[in-house]
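Whenever a hint applies, use it, and build me the whole structure from the sequences.
Protein chains in written order, with our numbering: chain A, 1 to 241; chain B, 1001 to 1047; chain C, 2001 to 2223.
Incorrect hints may appear among the rest.
Partial selection, computed: residues in chain B whose CB lies under 10 Å from chain A [said to hold, decoys possible]:
1) LEU1010
2) TYR1011
3) VAL1013
4) THR1017
5) LEU1029
6) LEU1031
7) LEU1035
8) SER1036
9) LEU1038
10) GLU1039
11) GLU1046
With a straight-line cut-off of 27 Å between C-alpha atoms, the simulated DSSO-like cross-links for lysine-lysine are [said to hold, decoys possible]:
12) LYS2013/C x LYS2222/C
13) LYS1043/B x LYS9/A
14) LYS9/A x LYS1034/B
15) LYS2222/C x LYS2002/C
16) LYS2002/C x LYS2013/C
Here chain C is said to cover these stretches of chain A; the calculated rule only asks that three of the stretch's residues, wherever they fall, bring their Cβ under 8 Å from a Cβ of chain C [claimed, not checked]:
17) 84-95
18) 138-147
Calculated from the structure, these hints are not laboratory results.
Don't be surprised by glycine CBs; every beta carbon is placed ideally from N, CA and C.
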Amino acid sequence: MFGKIDEMKIVKIASIVLITFVIVVGMVIPMVAVPQTFWQFPLIPGLEEKARNIFYHVPVAWVSVLGFLISLWYGFRYLQTNDFDNDLKSVSAAGLGFMFCVLATVTGSIWAKFNWGSFWNWDPRETSIVILLLIYGAYFALRSALGSDEVRARLSAVYSILAGLTAPFFIFVMPRLVGGLHPGAQGDTSGSTPVAQLHMPLNMRLVFFLSLLGFSLFFFWLWNVCVRAARLEQTIFSNKQ
Amino acid sequence: MYEFLSHNQLYVVLTVTLLIWAGIVFYLLRLDRKLSILERELKRIER
Amino acid sequence: MKTIAAIVAVVSKDVRSELRTRYALNALLMFVLIAVATILFALRDDHLSSDVLAGMFWVVIFFTAMSGLSRIFVSEEERGTTFTLQLVATPSVVYWGKLFFNAGLTLLLTGAVAILYIVVFPAFVVQSPSIFIVTLLLGDLGFAASATILAAIIAKAHSKGTLYPVLSFPVLIPLLMTVMQSTAKALDGENISDAFGDFQILIAYLLIMAGGSYLLFDYVWKD
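In C-alpha cells, the structure reads:
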C-alpha cells in the first residue's frame, strides 16, 4: 500500500477536497428554525450554531480511536511476524492518534464549556477520551523506558493489547453505569441533541459522514508520511553503522 | 468586504479556518515531496 | 500433575524468599499504615459520604499494590535469577505461580487496609459484609490479574517505580470504578442483589484480563 503512488494520490486529493468541503459547508449553511431547502440546517434550541462543532470535533475523536486501533493491529502483527516494519507502523499510528486525541479532548472541552457550562464534567465519554489519552501516554512512557529495539517493540505491542482489552468496558458498560451529558448516556431523553442515534437530518448526516471520511483519509495520508519518514530514518541510520 | 465580514462573523471564522487548513496542507505536500526525493535518492544509491 | 507441582514450587519459592528477609513485606505494611495515616490527617472528623470513603479505600489499595506487586519480577531481575527461571520453568508455570503469589499478597494487603479503615474511620461501617467480602475477593483477583503481567512488562524497563503506576492505571480503571461503586453499596448497607451487576463486571474483567495476560505472557517472558 505504501509503494503504489497512485493509491496515495487518491487519498491525498480526496482528503483535501473532503475536508475543505466540510469546513466551508459546515460553516456556511445557515441554521433556520424550519429548514425549507436542502441547503439549510435545523436550528436546535440549546445548541444553535454550536451544533456545527459536530462536523469537526466528532471526526477528530473518531480518528484518535482509529489511530489506536491501527496501532494495536500492527502491534499484534509485529508479535506474529517479528518484522520491525510493523512496529514502525504501530508507533506512527500511535503518535498521530495521540495528537488527534489531544485535539479531541481540547475541542470537546471548549465545546462543553459553551454548551454544558464547564470545561470538564466527568461525563462517561469525556472520561473515555481522557483514558485513551492516558493509554497513549503510558504507551510512549513505556517505549521511552525501554532500550533494546526488539524488547521495546514487543512489550509496547503487548501493552497496547492489554489496554485494548479494557476498551469494551468503556464503550458498553460505563455509559450505562454513570449518567452523562453526551447523547446516548443514561438519563438522556433523546430529542435534545441531534447526534443521539444519528437523529440528524439527511443533509447534516451527509456532511457529517463526509467529514468522517475526509478526516480518516487525512489520517492515512499523515500516517503514510510518518511511516515513510521513519523507514528512511531507519535505513539511513542503520547504514551509517 | 470588511463591512460584510464585520456583520457575518461566522465568515471570519471560516476564513481563519481555511487559512490554517491551507497552511497545513501545503506543509504536508512539501513534506511529502521531500520524502519522495529522499526515497528516490536512496534507491539510486542502493543500486 | 507436574504443572501444578511446578506452579506450587514457584509460589512457595517466592513466599519463602519474601519471608526470609521480610524487608519488603514490612515496608509494604508500613506503607499501608502511612497511607491511611495521611488520609486520616487530611480528613479528620469530617463526616464523609460512603462514596468518598469507598473511593479513598481503593486509592490506598491502588498505591499499595503499585508499591508491592511489581516485586515478583523486579526482584528476579535485581537478583539476576530471571534467566534461571526462564530455563527451569515454562512460561505458563511462571505466569500462574506469580499470579497466585500476587493474588495472595493483594488479599493480605487489602485485608490489612480494610481492618485499619474499620478501626480508624468511624464512618467506615460495613453494613453489608457480604457485598464487601465478595467485592474484595473479586477486586483483588482482578487486580492481581492485571498487575502481574504489567509487572513483567516493566521489569525490563528503566524507572520501573514510576512507570508501573503509569501503565497500570488506565488498565485498572474499569476495575477501580466498579469496585468503588460496589464498596459504597457495601457501606450503605444495600442488598447483595443490587450489587450483582457490579459483580458481573468484576468477573468479566477478571476473566478477560487473566485470559488475555495468559495468552500474552509468552511474548513478555521470552528472551
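Query - Broken hints, by number - result: 17
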